[in-house]
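Could you slot chains Z and P onto chain U? The hints should help.
Residue numbers (my numbering), protein chains in the order written: chain U, 1 to 290; chain Z, 291 to 614; chain P, 615 to 1056.
Simulated from the structure, these hints should not be mistaken for lab results.
It cannot be assumed that every hint is accurate.
Said to hold, decoys possible - Footprint (simulated), chain Z over chain U, 3 or more residues, beta carbon under 8 Å:
hint, region
1, 59–69
2, 109–118
3, 155–163
4, 214–226
5, 235–247
6, 268–275
What the hints assert, rightly or not - Below, computed lysine-lysine pairings styled on DSS-like, alpha-carbon distance capped at 30 Å:
hint, chain 1, residue 1, chain 2, residue 2
7, Z, LYS419, U, LYS281
8, U, LYS176, U, LYS109
9, U, LYS50, P, LYS949
10, U, LYS50, P, LYS903
11, P, LYS731, U, LYS50
12, P, LYS670, P, LYS949
Every residue, glycine too, gets a C-beta built ideally from N, C-alpha and C.
Read off the chains here:
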Amino acid sequence: MSRGNRTDTALGLSYPRGPLARILRVLLYAVVVVIFAGPLLALLVGAFGKVTSPTEFTLIPQGLTLDNFTRAIDRDVLLYLLNSFVVVGGGLLLQIAVSVSASYALARKRFPGMRLVFLLILSTMMLPEEILAIPLSLVLADVPVVHVNLIGSLWGMILPVAAWGFSILVMTEFMKEIPVELEESARIDGAGEFRIFTAIVLPLCRPALGVIGIFGFTMIWDQYLLPLLVAQDSAQFTLPLALRNLRSDEEVGLGVLLAASLLALLPSVIAFLALQRQFMKGLTSGAVKG
Amino acid sequence: MGATGTRAEPVPPTAPAPPGPVADRPRTRRPPWTRWRGFGVAWLFLAPALLIFTVFKFIPMGRAFQMSFHEVRPYLGDIWVGMDNYTRILTDEAFSSAIVRTVVLAVGQTGGSLVLGFALALLLEGTAKHLWFVRTAVFLPTIVAMAVVAEVWRILYYPGPDGTVNSVLGWVGLGPSQFLNNEDTSLWSVMSVGVWRGAPYDMMIFLAGLSGVDRSLYEASSVDGASIRRRIWHVTLPALRPVFAILFTLAAIRGLRVFTEIFLLTNGGPNGSTEVLMTLIYKVGLERHDLGVASAGSVLLLLATVVLTLAVRFARRGDSKAAS
Amino acid sequence: MSQRRALQRLVVPVMALVVGLSVAGCGSSAAEQDPNGRLDIWVRKPPGTETEQTAKDLAAKFTEKTGIPTKVTAIFEDFETKLSQAAAQKQLPDIVINDTAQLGTLVKQGLVREIAKDSVEGHDQLTPISWDAATAADGKAYAVPFSAQTLALLIRKDWREKVGAGVPSTWDELNALATKFTKDDPDGNGEADTYGYVVPGSTKRGYTAWYFSSFLWAAGGDFLTGEPGAYTPAINAPASLAAVEWFQKSFCDGLVVPGAATLETTQAHPDFESGVGGIYLTGPYMMGKFDAKPGKDLYEVVPLPAGPGGAPAALAEGENVYLMAGSDNQDGQEKFAEFAVSVEGQTLAMDGDQPGNIVRLPVNSTVDLAAVRTDPRWQIFDEIYQSSARYVPQVPEWTPFLQSSAETLNAVVSNCDTQAGPALDELAATFTEELGRQGAGG
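Here chain U stands alone, though its shape is the one from the complex (with noise of 0.2 Å):
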């Protein structure tokens, strides 16, 4: 008798063992599905529905209407998502340059310092977000040298968000395995810095770039207590700041919550679904490892 595959995996799920095994499997799969996703799924249809107290929340469809999103586009719903997009383009691109560069200088150059230089942007990474963010509002109150108030305004979202030891690290990591020989023979012919970082380095570096790009791109939608100290006026949240003033609603109760949520979480699982692949690569990727 075939083994099957019952060595293919920990447990040898896959080896078949009769009707009764599978239909547990299956059963199983539909619980943990249920536990992990069924919330979110009971927010998809609850957004679409009559949902007016938190008991009327359930997987089960309650109505077809728009309702729910022309209330909160009412309240303001499409410029908090418009800010998220904001903070999270302006933020991702910049992060994405910062690190970009900085990690030629680190994987590529050897200069005094350079150790240090690493070892102080990986010592940020213990510095944690929540933490700093209470001083790091009063430095954007008054920056230094320039003196220029950054609070009640998304600039003072995005620019923070720009120091990310993470991307550094991935991007470092990932430029070191770079064969220096393309750049060594563009330097032969005369070719200046930038233009070797531009026209041959950067273009190298796009599974990289899809790694850090998708990383980023959660970690800044999912960003509370700094934009909820730089943030002033209603009109600077980001959606999910602006969600705790929606929790109830004199026309649709609950309803306007939910669709604000889900334009909340739609945008995380669209970019998450597209890369896929390089989420799951820098999840196990050295960075992880430490």
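For chains Z and P alone, kept in the frame of chain U given last:
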């Protein structure tokens, strides 16, 4: 020092000569400024990062450090209080119970996510297409913003008997619970949300680890007639030890800095039963206007994170040394 | 090699520079005065609502009359933390319109500046009791009163008639009514989904104690007793204990809406609105909202009856116009304050019968309430304010008392096994300590 030259002269294609004793290196007579130009370019590339890190990470840290030694009164002038703020934190009842709660929450969330994540990984290991679908569905909580997670769970945890979780509990015959509204159940309720969100993340990492386990070991154990349970205990778990270690560290550090979920789920209530260090620091700093004490708390939390990270790093280095 | 060492030697001075930069603020001297400088006004109202609009209208009218530009920012959630942040950044707005309860805290941190009552044009037109709210424990005024309000019970009239009960005039009748609301299905839908009391019981902003204070006083109890500057705790006195036990019992008997212990007011309103609970102690500012839903004819305004052994009482509160420290247009600040208490300013801010009022009951006694507000229910509130309302004790900082009371009350009502007596004794001890710390104890 082998700086990659910027002049168009033939440079050996191998890596630059490593810095050795001065006498060994071939002396090429280059004007000093080319070397500095090499450094200059490097620093130029580094400059944006260094600037941003300094302004947005190091200076705030310095500020927190400075404030921690003062009673901060913006319009009346700061007063130097030395170690007073620190003493207050280490002796004040509110802070010490917040510290205990932070640790309990961190340990609970870490442990729960690890165990559940491992179980999920075992269940969903494999290359079948349908498994990919299940894994992706299970992974959703981790990528969704914390604020959304908190709002959804606030709804699920509605304390009336017809709230979602209470209804489900009703099906299995358990009574309705007050969840977030009762001192005794609030911390566990919050912890469960953390586990719900963290387990899929751990699952993914375990899956990567599991795929790296040598299949021949499984073959060997089944030839020896070992049951699945023994196989997992003796082959899988030891192979995953480094994975457990990393996840433990990551999760523990995550646990120390928890803020958003508590802020949105319970704001530390009821009656401070879910007050953790970070939410207390926020309250003390911005609701009770005591930035000095809040900064001292932040510095202590920072030290704990650093110590934890370094300790695990040293322990693992010792581990791998012993193993080799 | 020597370069590395040279650079390593640079590390220390660089670090010092970083720390130094972070420490040295840009030394700001006292703000230079500009009598036409823009006045930044912060109001504690939800953004995008009619109340924000009224505040903007008030500011616009002021600008029209005086030519001084203004900018209104409406913040609701986290108002105090935002203000605290602004203070830490030394960038306070010029004017803050906020609760009277904030007076002590603001004075203590030096965030507001003193104002001489007599220099305020029209100060003699203001109701005397309203100045209590703007006067700190040292007898000086640090704000100008702006709006006043008090609390009364809003009761679902349709429910009350359906269960066949009269308007409650004692606490026993009130509880009986709440019990009927919970047990007798007053909305007739066959489900046990209705409750008696709607209570915002969260400890956030001390809501539990804020809500309960009217009941406490109506039962003859009190937080503190004595004269300002010589207070002693009264929270564990027999009358107070009886009131707290009554409060706990209402929770434990299930007469209160579910989840009350973590509800803030914005989350409690919907419970009355959508018919989860039928008795709600709140202010006249909610009438606009509740007239829409559940509907003007479906509820009535009833003064809180006296408790056993007490006299009618209700919490008086209001809002002040605070003149913030560090302003660069102190002259403009005072002009704005004068406009805000003038008949024109008060009338504008009262917004007739519209829900966008930012002045509930006027502090200017020369304003004819009946002419501005046609709704007779406002008269009920006004009578309560004039006859039996009380402001919170005049301690330098009421917030710690409010907060610790809220935490104790919240604990007592969340856990039916908790004995109220010992909890209140502990609270009284906390009060004594706090009184000592503030120098307000007797």
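Taking the hints in turn, this is what the structure says about them:
Counting residues of the region 59–69 of chain U whose CB lies closer than 8 Å to any CB of chain Z gives 0, so the stated coverage by that chain is violated, three being the minimum. Evaluation of the coverage hint for the region 109–118 of chain U: fulfilled, as 6 residues show C-beta separations to chain Z shorter than 8 Å, against a requirement of three. Only when three residues or more bring their CB closer than 8 Å to a CB of chain Z does the claim for the region 155–163 of chain U stand; here the count is 4, and the claim holds. Only residues whose beta carbon comes within less than 8 Å of a beta carbon in chain Z count, and the region 214–226 of chain U has 5; three or more means the coverage holds.
With 5 residues having a Cβ less than 8 Å from any Cβ of chain Z, the region 235–247 of chain U passes the three-residue criterion, so the hint holds. Only residues whose C-beta sits within less than 8 Å of a C-beta in chain Z count toward coverage, and the region 268–275 of chain U has 4 of them, enough to reach three; the restraint holds. With a CA separation close to 19 Å, the supplied pair LYS419(Z) and LYS281(U) stays within the 30 Å bound. Among the hinted pairs, LYS176(U) with LYS109(U) is consistent with the structure: their alpha-carbon atoms are about 11 Å apart, no more than 30 Å.
Taking the CA atoms of LYS50(U) and LYS949(P), the gap is about 50 Å. The hint is violated against a cut of 30 Å. Annotation: proposed proximity of LYS50(U) to LYS903(P) holds, straight-line Cα distance about 21 Å (limit 30 Å). Simply put, LYS731(P) and LYS50(U) have alpha-carbon atoms about 55 Å apart, too far for the 30 Å limit, and the pair is violated. About 16 Å separates the Cα atoms of LYS670(P) and LYS949(P), which keeps this hinted pair within 30 Å; it holds.
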